[in-house]
Amino acid sequence: MKQRLKRWLCAALGLEPEAVVAVLHSGDPRRSAEMAALMRRLVPDRRILEIALTGDSSIGLALMLHRKLRGLRVALMATLFDGTPEFAPLRRAAFLTEPTKILAFNSALERHHLRLGQWIAGWLFLRGVPLDRIFLRPRWLFPWKKDRSLLPSHWTLRAARPFRQGMPRVAVVSPYLPLPRAHGGAVRLEGLLRAAAREFDILFFGFQDHQTESDFQAAAQFCARVYSAAKPRYREPRWSTLLPPEAHEFFNPALSRALRREMASCGCSLLQAEYTQMARYRPDVLVEHDVTQDLMRQVFERHPTLSAWWDLYRWRRFENSSLRRVRRAVFMSAKDQALAPPVPSSVIPNGVDLDRFPFLPDPGGRRLLFVGSFRHFPNVTAWRFFAASIWPLLAPLEDLHVDVVAGPDPHLYCPDLPPDPRIAVHGFIADVKPFYERATVAIIPTLESAGTNLKALEAAATGRAIVSTSSGVAGIGLAHNESAWIADAPEDFAAGVRALLHDPALRARLAASARAHVERHYSWRALAEMQVRLWRELLP
Numbered sequence: 003m004k005q006r007l008k009r010w011l012c013a014a015l016g017l018e019p020e021a022v023v024a025v026l027h028s029g030d031p032r033r034s035a036e037m038a039a040l041m042r043r044l045v046p047d048r049r050i051l052e053i054a055l056t057g058d059s060s061i062g063l064a065l066m067l068h069r070k071l072r073g074l075r076v077a078l079m080a081t082l083f084d085g086t087p088e089f090a091p092l093r094r095a096a097f098l099t100e101p102t103k104i105l106a107f108n109s110a111l112e113r114h115h116l117r118l119g120q121w122i123a124g125w126l127f128l129r130g131v132p133l134d135r136i137f138l139r140p141r142w143l144f145p146w147k148k149d150r151s152l153l154p155s156h157w158t159l160r161a162a163r164p165f166r167q168g169m170p171r172v173a174v175v176s177p178y179l180p181l182p183r184a185h186g187g188a189v190r191l192e193g194l195l196r197a198a199a200r201e202f203d204i205l206f207f208g209f210q211d212h213q214t215e216s217d218f219q220a221a222a223q224f225c226a227r228v229y230s231a232a233k234p235r236y237r238e239p240r241w242s243t244l245l246p247p248e249a250h251e252f253f254n255p256a257l258s259r260a261l262r263r264e265m266a267s268c269g270c271s272l273l274q275a276e277y278t279q280m281a282r283y284r285p286d287v288l289v290e291h292d293v294t295q296d297l298m299r300q301v302f303e304r305h306p307t308l309s310a311w312w313d314l315y316r317w318r319r320f321e322n323s324s325l326r327r328v329r330r331a332v333f334m335s336a337k338d339q340a341l342a343p344p345v346p347s348s349v350i351p352n353g354v355d356l357d358r359f360p361f362l363p364d365p366g367g368r369r370l371l372f373v374g375s376f377r378h379f380p381n382v383t384a385w386r387f388f389a390a391s392i393w394p395l396l397a398p399l400e401d402l403h404v405d406v407v408a409g410p411d412p413h414l415y416c417p418d419l420p421p422d423p424r425i426a427v428h429g430f431i432a433d434v435k436p437f438y439e440r441a442t443v444a445i446i447p448t449l450e451s452a453g454t455n456l457k458a459l460e461a462a463a464t465g466r467a468i469v470s471t472s473s474g475v476a477g478i479g480l481a482h483n484e485s486a487w488i489a490d491a492p493e494d495f496a497a498g499v500r501a502l503l504h505d506p507a508l509r510a511r512l513a514a515s516a517r518a519h520v521e522r523h524y525s526w527r528a529l530a531e532m533q534v535r536l537w538r539e540l541l542p
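Under the working numbering, think of the first position of the sequence shown as 3, with each following residue one higher.
Since the hints were made in silico from the structure, they are not lab data.
Here the structure is a predicted model, which means the values were calculated and not measured.
For every residue, glycine included, the Cβ atom is placed at its ideal position computed from N, Cα and C.
Hints may contain errors.
Distance condition first, Cα-Cα at most 25 Å in a straight line; then the derived BS3-like pairs of lysine-lysine [said to hold, decoys possible]:
#1 K103 / K147
#2 K233 / K147
#3 K148 / K233
Computed spacing ranges between beta-carbons, pair by pair [what the hints assert, rightly or not]:
#4 P365 / A491: 54 to 60 Å
#5 Q219 / R262: 24 to 30 Å
#6 P365 / L395: 21 to 27 Å
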């Protein structure tokens, strides 16, 4: 009876009785096709109507869309919101045509049904917030909420070796463990601590993130004690706290007390914290891997939004107060040191393992290499700048390929990776040396940066000619047309890549000069001597 009534009513209104699912090709063609295939799997019993329209007028496209759907009942309208500007009028036309039926997809093909009753979640989703965070609400506003942060409260001893007789001891706390070398921070920790362990017994405290038992045992080769805490699950909106969210994510008062108890039981009184967000552990030494407020300033100057201003304000307030509380701050470069308030400080730049990264022969060919963990947002910004503004200028080159070593879960942090088959995106790589062996040119298109760039040092050590923006090699001492090709405009950057690909003699000259420079200034052993001197100065 119900079905007969439905057919009679639809016939009276001139509509088909069975509702269709419209799939609007409103973004990147490859992802639109994937969205359509996904909808066929989700609703196999429904008719799928794929619609591709072009035009500059939202109203005109809405009229065309209305004609396409005439006589049809629409159950859902799957619409891709991937930020591609040429499809913006079509996405607006979807709202004009079926405002209550839109099933929105983002670049990662996460989906959310846009409803007026969930307008905050829908607005956040359309702004690019991941699906698992659009329903987050601050605990101070919703104290009864169920989706709460889970922060560890204790440390687990994962590996140990006997303390050496008469050897001084120092504790190091970090949001990351030194192994595996999944990103630049881990590379620095492993290189510097391994060299410094010749003169200190080190207690290392870090947060676990897919480490294996062999990683802990390998870390015990240069750390007398290796402690780990469970990876935090932070479930507060980024905007909702006075301190930066990273300062909350890795801190728990119970965890801080447990750290001090372990230090006391091992006869250790000196604590060094790696990364600014770890300043809440009240260390003696705070290592600023970058001056985060300067990164936020660069972001705000490029995108002067309210959220960017709020991030800048919080980081400036937190970072400056943290630096004034420690006995010694450590910066990656004199440039970073000058950006900070006047506090007792030292400069211990990043370095490179010259034995692990020997000077390699030029392989020829046309292969570019981008190295940078997408967990660090400046690397995502750098890659998007290259993909959107530089790659189109280079794509016409025959036989050109790009390797992107993007660290763990690259699609989670940058879902809009380009579909070009000549671009190979790699996740976590335990050893990047094979990528340097086959690369012709290393590219560093960084727009926002601080500290000293480890990937520039590794590329220089291996003898790979570098094309970089000025911020990508800031503080390192490489000079344009002497030890690197430095260009900020997309056209100049692409011109540098073309020049180096076509001129082996130019590549060889820049590579030899850059290698000589890192040999003089960036050996881990020499830098570890600076670290050891600092610790000895602060010990009672």
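Outcome of the hint check:
1. K103 / K147: violated (29 Å)
2. K233 / K147: holds (21 Å)
3. K148 / K233: holds (19 Å)
4. P365 / A491: 54 to 60 Å: violated (28 Å)
5. Q219 / R262: 24 to 30 Å: Taking Cβ atoms as reference, Q219 and R262 lie about 26 Å apart, which means the hint holds.
6. P365 / L395: 21 to 27 Å: holds (23 Å)
Taken one by one, the earlier hints fail for this structure at numbers 1, 4, listed in ascending order.
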